[in-house]
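Engineer: Line by line, the protein sequences are chains A and B.
Using this note's numbering, the first residue of the first sequence is number 32, and each one after it goes up by one.
Using this note's numbering, the first residue of the second sequence is number 32, and each one after it goes up by one.
Keep in mind that the hints were calculated from the coordinates and are not lab data.
Careful, some of the hints might be misleading.
Treat identical chains as interchangeable: a pair holds within one or across any two.
To be verified - Each computed EDC-like pair below joins lysine to aspartate or glutamate, with the alpha-carbon atoms no more than 16 angstroms apart:
hint	residue 1	residue 2
1	53	124
2	53	276
3	34	276
4	96	72
5	34	64
6	36	172
7	85	271
8	234	92
9	85	223
10	53	72
11	53	172
12	96	288
13	85	226
14	234	97
15	34	189
16	209	223
17	53	170
There are 2 protein chains.
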Amino acid sequence: MEKEKPIILVTNDDGPQAGGIKALLEVVRPLGEVYAVIPAEGQSGMSHAITVRKPIFIEREIHRKDFHYYEVSGTPVDCVKLAIHTLLPRRPDLILSGINHGSNASVNVIYSGTMGAALEGAINRIPSVGFSINSFSPDADFTDAAVIAGMITRQVLENPGMICLNVNIPAVPGDQIKGIQICRQTAGYWSEDFEPVEPQNGKPGYLLTGVFHNAEPETPGTDEWALRQGYVAIVPVHPDFTSHEEIEPLARWNLEEMFFELKTVLTRYKR
Amino acid sequence: MEKEKPIILVTNDDGPQAGGIKALLEVVRPLGEVYAVIPAEGQSGMSHAITVRKPIFIEREIHRKDFHYYEVSGTPVDCVKLAIHTLLPRRPDLILSGINHGSNASVNVIYSGTMGAALEGAINRIPSVGFSINSFSPDADFTDAAVIAGMITRQVLENPGMICLNVNIPAVPGDQIKGIQICRQTAGYWSEDFEPVEPQNGKPGYLLTGVFHNAEPETPGTDEWALRQGYVAIVPVHPDFTSHEEIEPLARWNLEEMFFELKTVLTRYKR
């Protein structure tokens, strides 16, 4: 009996016209039964946003042998939820997101719709990988990045486990890539600049721009460092935001005294 | 010389009409120079989303002694960014978000616009606290929750440090609260249900509903457990998504072999 093909869910945050998803689908389609469930419009910066209290719609769908394609009027996380719970015949074996047009290394992982989709996979305990290329150039070439994404996809299919990976790929021709490194997220932040725009009805308006600051630029083992050295940077991520090392110091707050004071205040307040 | 008043930035994700922000501002205004920078419209489920490539506008502003109020056509994270980088006279000493109408314990922290705003503070290394009340009832009473929020705010102002807290408050009268606990994020997930709605122009539509599943319901030390027992649950959070314990197992992937294969594929491909 032929082995059942893996079900692979593919999404992104740049929408259906993006070069990154076209390149990714090309290398992934031979690997299984592929469901592409994609935001109908670009969703950059949408993070883990979901659409609540209003419906989402399937704008378009196409069905071929081992390939199903949907455009959805929602966020990347909406796409993953709708796919898992409604569109797919069973839970997918793997969720892929990207290839994003622009790095999601360092703190960009938090703002990223690409990684929002991958983390939604992790919450549902489905192996998930987000791919990004370190270039915002409109004519970025995704060909070699897609070959790398395909190889990592095969690796994950062959070593199934509860993983969620943030994969960032240098925007250089493949033969200039120096290797693959497992990294941690670089500490960093954006120093934002809001550019004033023409007011609307007298209301001041601002356009977000900004510059990324690497808080540890010379640190091997960080994803930014690996990327800059020409390596593919792979960071395992998870949806637990707890800062575990802070639990003990915080527990040294005098919680009982705080609580006693609270009781006193609340009682006085009620009188 | 009088000590300089702390600058406190206050935001939320339920918008200006929400009872939670009104109650929070009432207890916080006496504690410093307060800047309320609030999404003009409800932003539930917006997570860490930012508005990119289109401007945001200040819909309304009010200035009083030690109190400045702005409504902004953006997400909670947009509000924090615009406040820090444009509206405030200097970096705030503290960022408060909430009081959210509904629990942000467990995995809800990830979808939450309230906690998105608080985590944006953490990225900028500003002490930040998100407050939520464990009730979705439209007539939830925020009075006692606000007293608790005020007390925790004073505690953080007196013990400044790089902290970002996810505070969830039981929706019971204050005198029924059992105490305050420092916790970790509970493992859990939503089993979504998409309710079909009337198609639009023949396009199938779905409305997100769902049920939260606690993956470790009997586990003391988790925020869900503390909340259900009647405690205020405080989880220290941080914007590092790295799953540090997975770095070593992943590094056992044969990266050199993968890379060698990659080189071979890319070379063949180029010929």
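Engineer: What are the numbers of the hints the structure violates, in ascending order?
Structural biologist: Violated hints: 1, 2, 3, 4, 6, 7, 12, 14, 16; rest satisfied.
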